[in-house]
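Student: These are the residues of each chain, in order.
2 protein chains.
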Amino acid sequence: MDGTRDIEALIDLMARLPGLGPRSARRAVLHLIKKRDSRLLPLAQLMDEVGRTIRTCLNCANLSTGDICPICLSEKRANGQICVVEDVADLWAMERAQVFQGRYHVLGGTLSPLDDIGPDDLHIPKLRDRIAAENVREVILALNATVDGQTTAHYVAQELAPTGVGLSGLAQGMPVGGELDYLDDGTLRAALSSRKPY
Amino acid sequence: MDGTRDIEALIDLMARLPGLGPRSARRAVLHLIKKRDSRLLPLAQLMDEVGRTIRTCLNCANLSTGDICPICLSEKRANGQICVVEDVADLWAMERAQVFQGRYHVLGGTLSPLDDIGPDDLHIPKLRDRIAAENVREVILALNATVDGQTTAHYVAQELAPTGVGLSGLAQGMPVGGELDYLDDGTLRAALSSRKPY
Ligand SMILES: [Zn+2]
Ligand SMILES: [Zn+2]
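Quick note, the sequences are listed as chains A and B, same order.
Okay, so the first sequence: first residue is 1 according to full-length UniProt numbering, each after it adds one.
Okay, so the second sequence: first residue is 1 according to full-length UniProt numbering, each after it adds one.
It is possible that part of the hints are untrue.
Unchecked claim - Derived pair list, reagent style DSSO-like, types lysine-lysine, alpha-carbon separation capped at 30 angstroms:
| hint | chain 1 | residue 1 | chain 2 | residue 2 |
| --- | --- | --- | --- | --- |
| 1 | B | Lys126 | A | Lys76 |
| 2 | A | Lys35 | B | Lys35 |
| 3 | A | Lys34 | B | Lys126 |
| 4 | B | Lys76 | A | Lys76 |
| 5 | A | Lys126 | A | Lys76 |
| 6 | B | Lys126 | B | Lys76 |
| 7 | B | Lys126 | A | Lys35 |
| 8 | B | Lys35 | A | Lys126 |
| 9 | B | Lys76 | A | Lys126 |
| 10 | A | Lys126 | B | Lys126 |
| 11 | A | Lys76 | B | Lys34 |
| 12 | A | Lys34 | B | Lys34 |
Unchecked claim - Quick partial rundown of chain A residues pointing at chain B, CB under 7 angstroms, derived from the structure:
| hint | residue |
| --- | --- |
| 13 | Arg5 |
| 14 | Asp6 |
| 15 | Ala9 |
| 16 | Pro18 |
| 17 | Leu41 |
| 18 | Asp48 |
| 19 | Ile54 |
| 20 | Leu58 |
| 21 | Val88 |
| 22 | Ala89 |
| 23 | Arg96 |
| 24 | Val99 |
To be verified - Derived CB-CB ranges, DEER-like:
| hint | chain 1 | residue 1 | chain 2 | residue 2 | range |
| --- | --- | --- | --- | --- | --- |
| 25 | A | Arg23 | B | Asp121 | 54 to 60 angstroms |
| 26 | B | Gly186 | A | Gly21 | 25 to 31 angstroms |
| 27 | A | Gly66 | B | Gly109 | 44 to 50 angstroms |
| 28 | B | Gln158 | A | Gly21 | 36 to 42 angstroms |
| 29 | B | Gln45 | A | Arg23 | 36 to 42 angstroms |
It should be emphasised that the hints constitute simulated quantities derived from the structure, not laboratory data.
In this text, a Cβ means the ideal position worked out from N, Cα and C, and glycines have one as well.
Produce the complete structure using the sequences and hints provided.
Tutor: Written as structure tokens, this is what we have:
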């Protein structure tokens, strides 16, 4: 067996990660091989561990080791507010900024006719169920300020209207065309605190 | 156990790779989790495999699964030429360009008084032994066109002078301050074919 095949396969897989190309993948792999015990093997072990244990929260679609994620399990987070985000990365951005004390609902994308993503591909019916089940009084639509994001927010708002729940969207501070995951904490805080009724 | 700890640890390790930062590491990890079976678990398995099997060729310091790498084992590569490079990445660059048919010698760095790297930290004595053992008639010093690279080339040339072996260095086509691993194949080919006696 020729071990350089494994190295090439490893470079090839690394090069497919967002933000890496063939050249940076080669550098990363050499770096890892040089730091075998402190980087390469721990990374292999953690990836295996995460791959075997992490799944999707049945309630909010956050990542979780159990059926229900710690945020959904925490009674402290049951403050009557649900923040709807497109992606787990957006939930992470909110949590890093520490500006929101309620629970989340991860749609898992946006409506996108071009990509053949319709309402059934997103996590919307479950959101409607949660309004009553968790005594929710406000749903904050924290979707990206993109066309797809705002189309999706509009659709979700329409779907939830019959429940009578309060609806708001992030407002001031979000740059046009901007994406949530790129905002600094201060901008995110301003956008949240000056949210406007939908 | 809270699985988000593992995810955070994974992001942290990924963020230490050259070319990645915290933000791109988060995106990469989310991407991997979403492609658990096609990306995350295969990557974990390959990293483990590479970590357990890859070592350094005892002859040339190339990466290898055996004590001696395939290039050193191949009689076809015993053409009397050894190409001295700083790093395995440079050897890869030469092999990709397919411009050299001889064997390599990987120094594993450059002389660098500031970083406390002296001749004993590099792979130089072994190179002298190889001149006689492998009937070498030409050593091509393919080191980076940096101050450290050229200082190292000068030192290696002095060390090898008593053996009477022919010495050359990559010439035309290498930009001043440039690094081997960044060159396109054509430039590398030109630099090799117009190499000048040292
Ligand atoms: Zn949850
Ligand atoms: Zn070798």
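Student: Tell me, which hint numbers fail for this structure?
Tutor: 1, 4, 9, 10, 13, 20, 23, 24, 25, 26 and 29
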